[in-house]
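**Student:** Now for the letters of each chain:
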Amino acid sequence: MSQFMLLLYQNPAGMQNLSPEEMQKAIEKYMAWTKKPFTVDAKRLAPDPGRVLRSNNGKPRAADGPYSETKEILGGFYLIEAANYDEAVKLAMEHPHLEYGGTIEVRELYRM
Amino acid sequence: MPSVQTGLLLEHLFRRQAGRITAHLTRLLGPAQLDLAEEAVQEAMVRAMETWPYQGVPDNPIAWLFRVAHNAAIDAVRRGRVAAEKQAPLLAELVRASVRAPDDPGIEDQLRDDELRMIFMCCHPAIPHEARIALSLKTVGGFSVREIARAFLADDRAIAQRLVRAKRQILESRLSLAMPATCELPERLDSVMETIYFMFNEGYAAHEGQDLVRQDLCCEALRLARLLAASSVAAPKVHALTALIALNTARVPARTDEAGDLVLLEDQDRSRWDQKLIALGFHHFDLSISGDEVSQYHVQAALAATYARYDGLHAIDWNLILELFDQLASTGSPVVLLNRAVAVERVHGPERALEEIERLSEAPKIHRYYLYLAVRGHLLLKLERRAEAAACFRQALECPCSEPERRFLRRKLAEC
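Sequence order for the protein chains is A and B.
Everything in the first sequence is counted per my numbering, starting at 3 for the first residue and increasing by one.
Everything in the second sequence is counted per my numbering, starting at 217 for the first residue and increasing by one.
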């Protein structure tokens with residue numbers, strides 16, 4: 003089994019227009035996916051732009067992250083187990099995030 | 217309606233909590249800040265949607281939503297959403313309240329009270345009729361504009377405008393969340409009951425559309441009626457209203473068969489009646505009997521109780537039903553008179569019933585009303601006046617009505 007990282011990007015405007023009932027339905031769908039046996043870990047990132055560190059002429063500097071309110075932001079990640087990319091993509095394809103206008107990036111973890 | 221845990225969360229948890237938290241925040245902030253309260257609630261729910269799927273549902277989801285909405289309201293006030301001179305007192309009020317909530321054992325009573333006050337404000341006679349239902353569904357019921365529009369078969373913009381007008385009226389008439397004074401109470405209570413009754417009727421008497429949201433209207437009407445019935449302002453007629461909604465809603469699942477065709481009472485599969493709702497309905501029906509007043513709600517509850525008692529073994533007591541309809545007939549409502557005609561037919565025969573509805577033939581637009589034409593056609597068919605009956609059913613088929621009703625009419629036409 004290989005492990006895959008799913009990076010979930012979301013469009014902040016996409017969820018604002020849902021009704022309370024629709025949001026509850028969405029949460030239930032998301033959680034049903036999270037509870038599947040192939041999920042190893044799931045974490046949500048704090049809703050801030052984060053910091054990006056770079057070294058400029060040998061001097062390390064921190065700046066605010068790349069996310070602005072209008073752009074798709076990295077909202078959270080999952081670590082899942084799958085036999086290969088095909089399977090990982092198939093599993094991620096069923097994630098409700100896509101139905102709610104989000105984007106999922108699938109990356110395999112490097113095996114030593 | 218009793219809550220059911222179908223998935224991870226109680227059914228309609230978000231919708232219900234949206235109403236309660238909005239009511240709570242509006243009491244703290246004042247009716248002028250209703251929009252701010254609604255936005256804070258929306259923000260809390262979006263936050264839940266963003267975090268719960270990853271971290272799991274909090275141990276106490278209701279307290280979580282409550283706290284996050286509360287904090288969102290505080291942030292909004294700090295960001296200057298309200299006039300500068302009001303900022304400090306509002307913040308003080310919010311902060312003071314957040315210390316109490318939500319572990320305080322008294323909070324449940326407080327929230328019920330907030331919700332009740334909100335219903336009374338949304339149904340204030342100063343707000344136009346149609347807007348009262350929309351406003352109640354939005355602020356107390358936690359429905360979105362789109363959901364309300366779907367339930368009313370209206371477009372989103374029309375509903376949004378109705379809400380804007382209602383909110384403007386709240387400001388202009390300086391409506392408050394204070395419970396009505398004793399002298400005002402009868403009028404205000406009638407207004408609340410009427411709104412709940414229309415909400416129920418809108419869902420129950422659906423002529424078009426199969427949408428589930430219309431059933432949700434019956435459930436929301438029942439929830440509000442129960443809230444009212446459990447409060448200090450409950451009168452026997454409030455119990456009658458609750459009973460009539462519960463007993464009629466209980467039979468909704470059996471009104472259509474699997475193909476979606478209409479099923480008449482005597483042919484209904486009674487195992488599909490909701491027994492919990494029937495028990496609840498009879499409980500409130502018993503409570504409604506105290507006191508001297510016999511309201512319209514009492515009569516309608518008695519009718520619903522007679523139907524709900526039908527066991528398939530004993531004949532339906534049409535004499536009793538006719539007597540009850542006679543009490544309602546003074547309203548002059550065409551719908552009541554048409555339903556009454558069905559009882560007249562059972563007791564006195566089709567000829568008498570036909571004479572009775574002839575009185576309606578002068579009413580404006582009645583010849584475009586499918587129920588009038590369907591009942592008339594039905595009676596003519598019983599009297600073997602087949603050609604006239606067929607003409608009625610054909611005319612009825614041209615009127616606005618739902619697909620199951622249309623199929624029913626076609627079946628009747630084929631019998632002519």
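Just so you know, these hints were derived from the structure itself, not from any lab.
Do not rely on the hints blindly, as some may be mistaken.
[What the hints assert, rightly or not] The following label-pair restraints were derived from C-beta to C-beta distances:
no.	chain 1	residue 1	chain 2	residue 2	range
1	B	Arg295	A	Ala48	18 to 24 Å
2	B	Ala475	A	Tyr11	53 to 59 Å
3	A	Pro51	B	Arg295	14 to 20 Å
Glycine is no exception: its CB is placed at the ideal position from the N, C-alpha and C atoms.
**Student:** Evaluate each hint against the coordinates.
**Tutor:** Checked hints:
1. At roughly 19 Å, the beta carbons of Arg295(B) and Ala48(A) sit within the given window of 18 to 24 Å.
2. Evaluation of the 53 to 59 Å hint for Ala475(B) and Tyr11(A) yields a failure: the beta carbon distance comes to about 45 Å.
3. Between Pro51(A) and Arg295(B) the beta carbon distance is about 18 Å. The supplied range of 14 to 20 Å therefore holds.
In summary, the structure is inconsistent with hint 2 from the numbered list given earlier, while agreeing with all the others.
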